[in-house]
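**Q** Here is how the chains run, residue by residue.
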Amino acid sequence: MGTSDHGLSARAVVEELKRCGISHVVWLPDSESKHLYELLNDDDSLKLVPICREGEAIGVALGLLVGGRTPAVVIQNTGLFESGDSLRGLGLNLNLPLLMLISYRGWRADGAITDSAAIYLEPVLKGWGITSHLVKSDANVHLIGGALREAGVQRRPVAVLMAQEYV
Amino acid sequence: MTMTAREAHDVLATHRTDEVVVTEMTAALLWPFVSKRQELDLCLFDCMGKASSIGLGIALARPDRTVMVFDGDGSLLMNLGSLVTIAGLAPANLIHVVFENGQYEVTGGQPIPAAGTLSFVKLAAGAGYRQTFDFSEAEEFAAALPAILDSTGPTLVCLKVQSTERTLPIPERLTAQAVSEVTAALARGD
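Residue numbers (the working numbering), protein chains in the order written: chain A, 8 to 174; chain B, 7 to 196.
If you're looking for bench data, these hints aren't it; they were derived computationally from the structure.
Among the clues, some could well be false.
Said to hold, decoys possible - In silico DMTMM-like pairs for lysine to aspartate or glutamate, Cα to Cα no more than 25 Å straight-line:
{"no.": "1", "chain 1": "A", "residue 1": "K54", "chain 2": "B", "residue 2": "E146"}
{"no.": "2", "chain 1": "A", "residue 1": "K143", "chain 2": "A", "residue 2": "E157"}
{"no.": "3", "chain 1": "A", "residue 1": "K54", "chain 2": "B", "residue 2": "D70"}
{"no.": "4", "chain 1": "A", "residue 1": "K133", "chain 2": "B", "residue 2": "D52"}
{"no.": "5", "chain 1": "A", "residue 1": "K25", "chain 2": "B", "residue 2": "D70"}
{"no.": "6", "chain 1": "A", "residue 1": "K133", "chain 2": "A", "residue 2": "D51"}
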């Protein structure tokens, strides 16, 4: 689990989360983020908050923000759809400066996307007026910190779309 | 005789000191009438069952503060997995109060699924809450509440209540404003 110029390494993401001051990672496992979980679970400086369903994540993150912490929500695109009403009623209505790392299941570099979880992701985010950034490898993992700053300025959730399975 | 929702709220307001309160739906309409610490109240009208999740987040962020969630039975059913999430994280400072009237009160009194057979106390205990309590009379609840407030959670308190008799107005304090005020109050240490 080192860093990689071509792939997306869990270690680079964890280091970026720590660098930008994330305190808690609210998350539900998905097939793309297994290595991320292993690192987070071993790292006491980032508190892992496991949930049962993604809709809970926005609520838990709101509570952490009210309590003065800086959470990140880490869920899959399928889970983002599930959490839609929480994102609307809490994330957008209450102006949450929330960083969301969304595993982009179905993304393909050649654009030949057939998975509906990927087909609808960016149009749905756009429809909600949620800015998103695509992270394809360790080379642009710095976009995570930029997204957190952007969320703070906009007072809105900002999504970082994690295009590949972590290595 | 089964307590009214208003009587249950009066008991809670009498014993509440510096606990943070997160409340939603009918409870969020009643609580502003009796609360003496509005700066520590997060009353939510559009969170569709997520009060327990929000309360959990505050409890994790501020282990030095007791957090009370005032949930409805219909609201909790929309976010039932949160019982398991809370039990798994086991915040010692979280008290989860459920007002059980067996119906979706704000939408006109339709019965909730399994009304009359469902047991929130058994669900919470089965998930792993440290303590669970069931009350239907205000006097009994009032006598037990001080010890519950001093005990180690997560705790679920199920209050069997009569429905609210009349439609209550939505308070003027906006939810976004409440979020800002409670955030500031906690930062100050109020």
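**Q** If a hint holds in the structure, say so; if it does not, say that too.
**A** Hints and how they fare:
no., hint, result
1, A:K54 / B:E146, "violated (39 Å)"
2, A:K143 / A:E157, "holds (19 Å)"
3, A:K54 / B:D70, "holds (17 Å)"
4, A:K133 / B:D52, "holds (22 Å)"
5, A:K25 / B:D70, "holds (24 Å)"
6, A:K133 / A:D51, "violated (35 Å)"
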